[in-house]
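S.K.: Chains as they are written, first to last, in our numbering: chain H, 633 to 805; chain Z, 4 to 555.
All the pointers check out, no bait thrown in.
Pair by pair, the computed Cβ-Cβ distance ranges are:
1) Z/Met252 to H/Asp668: 53 to 59 angstroms
2) H/His732 to Z/Gly53: 20 to 26 angstroms
3) Z/Gly476 to H/Arg690: 48 to 54 angstroms
4) Z/Thr435 to H/Ala784: 45 to 51 angstroms
5) Z/Ser509 to H/Asp783: 44 to 50 angstroms
No lab work stands behind these hints: they were computed from the structure.
Just so you know, even glycine gets a beta-carbon here, dropped at the ideal spot from N, CA and C.
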Amino acid sequence: MINVAAHVLPESGELAGLVREHLTELVTYATHLVGDADDALDYVSGGLYHANRYPPARLQVDGRAALYRAVTRACRQDQRYPPRQHGISRFFARSRSNIHPEIDAAAASRTNTVKRALATLSFDRRAALLLRDLVGLDYREMSRALECSPDAVARLIAAARREFGTIFREIAI
Amino acid sequence: MRCSLLILSTSLDGELTQSRAAELEAHLVGCTRCHAGLGYLHEESERISGLARVYIPDYSVHALMAQVGIIDEDTRLPGTMPPTPPRVHPSATEPWFGHDAGKALPWAPPPRRPEAPIPEPRAPIETSPSEPVDDTHVEIAGTAVEPAQRVIEDQPIPAPDEAQTPEDEDSFDIDISQPPPIPQQLPQEAGPRFIKRIRDAIAVRWALTRGVQTDDDDSVEIVSGSGAGEWTESARQRVQRERAAQRAMSATSHIDEATVAAVSWAPPAPAPSAQPETPRPEMPTQPRPLLDWEDQPPAPAPAPVPRPSPPRTETPGRHTRIVSTGSNFSVRSWLKPRVRAPSRPHLPLGQAAATSPLADPRIWVFAGGAFLLLVIGVLTGKHTTAIPSLAQNPVASAHPSARAVPSSAPVLPPPPVATPVPTASPLQLTGTQTLGSGARGFAVTGMRYAQHAGGDFRMVFDMAPVSGATGTGLPNMVAGFGNPTTLYVIFVGVTPGADTGHLPPSVNVTNVQVLQPSPIAGHVVYEFSLSHPAKLSSSYYAGPRLVLDLTG
Chain H
633 MINVAAHVLP ESGELAGLVR EHLTELVTYA THLVGDADDA LDYVSGGLYH ANRYPPARLQ
693 VDGRAALYRA VTRACRQDQR YPPRQHGISR FFARSRSNIH PEIDAAAASR TNTVKRALAT
753 LSFDRRAALL LRDLVGLDYR EMSRALECSP DAVARLIAAA RREFGTIFRE IAI
Chain Z
4 MRCSLLILST SLDGELTQSR AAELEAHLVG CTRCHAGLGY LHEESERISG LARVYIPDYS
64 VHALMAQVGI IDEDTRLPGT MPPTPPRVHP SATEPWFGHD AGKALPWAPP PRRPEAPIPE
124 PRAPIETSPS EPVDDTHVEI AGTAVEPAQR VIEDQPIPAP DEAQTPEDED SFDIDISQPP
184 PIPQQLPQEA GPRFIKRIRD AIAVRWALTR GVQTDDDDSV EIVSGSGAGE WTESARQRVQ
244 RERAAQRAMS ATSHIDEATV AAVSWAPPAP APSAQPETPR PEMPTQPRPL LDWEDQPPAP
304 APAPVPRPSP PRTETPGRHT RIVSTGSNFS VRSWLKPRVR APSRPHLPLG QAAATSPLAD
364 PRIWVFAGGA FLLLVIGVLT GKHTTAIPSL AQNPVASAHP SARAVPSSAP VLPPPPVATP
424 VPTASPLQLT GTQTLGSGAR GFAVTGMRYA QHAGGDFRMV FDMAPVSGAT GTGLPNMVAG
484 FGNPTTLYVI FVGVTPGADT GHLPPSVNVT NVQVLQPSPI AGHVVYEFSL SHPAKLSSSY
544 YAGPRLVLDL TG
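Next comes chain H alone, as it looks inside the complex (with noise of 0.2 angstroms):
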């Protein structure tokens, strides 16, 4: 038997609001996560297009975590939207016109060390930092967005906060 989740749409008013409410901190996560802004909004649109398709019991109950999963998924997974071309197409790509997103860019000079040594750890421990320093999730809804338990949430922000510590003292003499 194959098993097909039912294409049931929740409700958009709930979801245009959670997505209103919280897309400039999913931009700036995505940002920082993959360390360019354009690619950042194609991950982001690309999240919130699977987590269009969510089923509502899912966002009541996981509230931001769930857009939060939904896009560090599609960070790791390079999901796009709308899908990058591949061959020569990509050539002939249409670029965005209509979204403009606008970085502080003293800050973004200012922390430069910071994004350098963020940039050398691995995917996990920098979306785990990222997710607790920069946004501000708890550890529970951490483990919802990253999938995994609280406790491995605890290591692996401990694991994290070492090794960004010893790389940032090394690069900043």
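With chain H fixed as given, assemble chain Z onto it according to the hints.
M.R.: Only chain Z this time, still in chain H's reference frame:
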């Protein structure tokens, strides 16, 4: 309680239970190591939280959510105003509204001919209450009028003071809102306009032709049920079947003129009057339907319309295909561009995004162009021959006439020349690394050295801008090995420091010196003598500071 980074990190996040938190507090009183570690963790947490934030404007939020499909494009964001795009390119507006080039026209259209001055809005229409309003004389916008009425319509409208007669003073006003002001046209451009008019006419027709062809949407196709094509028929047969169906529809919808004349109704002509009729002011009412059956006399019963029988749908066969469609049918269908309708891209669930690159027709255009360039390159390519050097036959080269004279002396191979042993020189470096952005006006203020565990050795060049320099950018630097145990660091636009610093006893570097005079004019060359071959890595840091690491 034992020292644990996991407990410290969990405590920093406030996720420890009360009992464990109390134990940790007691432990931190006596353990300076854990106390310092908690401070480090707190600093790193603050560094992460100080990363730059990305702000998404409301119109971008709306565009992204509409693109994903969470909301419709016309839906407002919850708790916000309707989205307003930040800027609209002038070419996005219709080309016939302005002087900018539109999407369909590669040039700006000429300005319009100045029309007659638009009169001022007329005063409210005053009608005598005793006189009934005759609706049949009111001109209806957009309807067909008789030629006599059109002549009256083209006459100039009198001014309000002329149209208003003294007996209208005791009439009542009808409150009718005035239409919005009509924008004035710009003056006509001087100069020859014949070529421009022809050019615009061709461009407009070409744009209209392309616009009509966008209806040819092949992304939606009926595959079953009524209207579905036969799977066994070819594309050409399908087009022929659709044309035959269109001809049948046009023949069925045809109604003879007698039937139309019997059904239609025209308003009665006004009675001729001896006095010259004063032109009535036009009443700006809403357009009424052409056939208003309630205010009109009963029309005669329409005669039964003979419906012609639908023609037999011809099924083109193998031999009737050319006859029915013309000999150049295939050429016309091939030349007709097929425009794909924009559709929402599909992102598969649960798997990586993948699209077929061959589905895009532009790929084939690009491939065709590349193949054409390849063929042109192969056909026009030239065979190159080596130029004879003067060293091989100097006499023949100097005197072409002596080339035919045979030489009796045998040609001896040149004597072998011993290859010189490579010496250490800044001009012949191996494993070079280049850094910098070409800035000038820096001076080396100091040099520092550090021996790390594992045999690694670090050298730091501290630099600062000299007086009068801007100090922006990084000076160019080239580092490389003259031989395995000699490292050269070459700066451009940098003044060397007074000394090379204190070199600590190390196992890597034995001596440091600045080559005076510089073997390369305008460059500063530092020479490092190594005790054994090592691997070099270099990088610039803010300050600027140049850091060289020797490993191995």
